[in-house]
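We have chain A already, so just place chains B and C on it with the hints.
One letter stands for each residue in the lines below.
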Amino acid sequence: MMDVGGTKGRMAAYLRDHHDKVVGRWSDLVVAGVRGRISRAEVRRELEDLYSLVVRVISDADEHARGELRAALDELSRARARDGFSPRETALGVFSLKEAVYELVADSAEMVPEYLLLSRMIDDLGLLTVEAYSAARETIISDQAAAMMELSTPVVRLWDGIIAVPLVGTLDSARTQLVMEKLLDTLVATGADHAVIDITGVATVDTEVAQHLLKTVGAARLLGADCTISGIRPQVAQTIVSLGIEFGDVATKATLADALALALSRAGLKVVPALWSGCRSPRSGKRCSSRFRSTCRTTASCGYRRTWPTSFLPPARAG
Amino acid sequence: MDELPIRSGDDVVRVRQSVRVAAADNGLSLVDQTKLVTAASELARNTLVHGGGGVARVEVVKSGNGRNGVKLYFTDEGPGIADLDLALTDGWSTGTGLGLGLSGARRLVDEFELTSQPGAGTSVVVVKWSR
Amino acid sequence: MRLQEDLADELSATGARGVIIDITGVEIVDSFIGRMLTTIGSVSRLFDAETVIVGMRPAVAITLTELGLSLNGVRTAMNAEKGLEILNGRS
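Chains as they are written, first to last, in my numbering: chain A, 760 to 1078; chain B, 2 to 132; chain C, 2 to 92.
Please keep in mind that the hints were generated in silico from the structure rather than gathered at the bench.
Incorrect hints may appear among the rest.
What the hints assert, rightly or not - Using 35 Å as the maximum straight-line C-alpha spacing, the simulated DSBU-like pairs for lysine-lysine come out as follows:
1. Lys974(A) with Lys63(B)
2. Lys63(B) with Lys857(A)
3. Lys941(A) with Lys63(B)
Same shape as in the complex, but just chain A (with noise of 0.2 Å):
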């Protein structure tokens, strides 16, 4: 039966005693570990805490003395997930101090049971470290994540009162609620009364993206706002007749144009020609009489002579 207390105290008290050694050793093993991506000081520093928490913890000194290294190490793990070191990296660092001890004690027989429980210890410390990292990488991951997601979901104005959404991608649940807000909040920020939401590049358009489009048709017209899908692609449309998709009075269209056409009669406004002022007579320099382009007459008979460029001209003729 081994006598854990009378072995603890042992354990700390050898660490106590060869302080100096075994973190000199033990900072050597690490500094060589991340080859200059940290300075010697650095390391130093960081080790003399961590060492000194685990021999309060070996010698039960105080009951916060387990809850601090934890979070030390937990600290130290997500500052190495941080900055691009390897999970096995950070793990060796906690390891390389068994490895310390074990220089040390390697000759004498005596400290086989007090080395064992030390490295029981740090087995476990470096399993945490491992958990930390993993959990680091994951905040990480997922904060790309959201922050692309963001970005990949511009809402723009294509006139006033009427803004767009071009969709590119998935449009899953996350997505709709972030296409919703978006949209909802541009909608009172402009006062826009029409939202067209684009569609060309999802990839695909089955019942549960059809119901993410009409609920985000639903939340903007909450808002007072008329809403237009486009970018119906003809695969897409037989697939949403197939599957029994209803967009009811939503109204859809094949482009974003033909889109922001209905915006523009539906607010009541109309797109006409600018009016014709290209035709110029060469010899009085009068224009010609036509208000649009669509009207201009410039033919052989007409006096007037267009002013293109020279490779559109008729070809010259006498007077």
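Okay, now just chains B and C, sitting in the frame of chain A:
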């Protein structure tokens, strides 16, 4: 953990306020706060109207990866629900109001647990996490 | 509810053709409030008046959509000005 009685319409308002504070204090976005408070309002009203009154509890919880969350408990000693499946799929969207609004409330939260037996009261526990 | 009674009295007395309900300051719309709004819409219609709800907050709109609550029988607009446009038949 805050414990709030649900015996009147005013109590429902108090539950909403308490949930609002807890949600805001724990990093939930405005939309998520609104969703949680709305769900709490639905569930508290259910407790009052269908459960004959009961109790609400508000608890702050932590997830495995360190995110904060708000956990709500609604319990009553009322008649209980006979058909849980039916209660969770009642026709909500017509808004005619005969249903219990449980399916709607479930869509507003991240975790939802309903326990009920005829004659043994009802308990609803929901959680909403910060992102 | 008091609001509904007062509204019915007002519509009856004035013969008004439209009702604008401004919910800019409303932070939470649950099914209870939702029912109240649709009931107001029904009551108004009995007086041949149309109801427009204005100023809904984005967070509320998103929550209502998720809740699956559709406000049947009432129209919605961004603000009172646009609500008036609807009532005056310009939209």
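Cross-check of the supplied hints:
no.	hint	in the structure
1	Lys974(A) with Lys63(B)	holds (31 Å)
2	Lys63(B) with Lys857(A)	holds (34 Å)
3	Lys941(A) with Lys63(B)	holds (28 Å)
Violation of the numbered hints given earlier is absent; every hint is satisfied by the structure.
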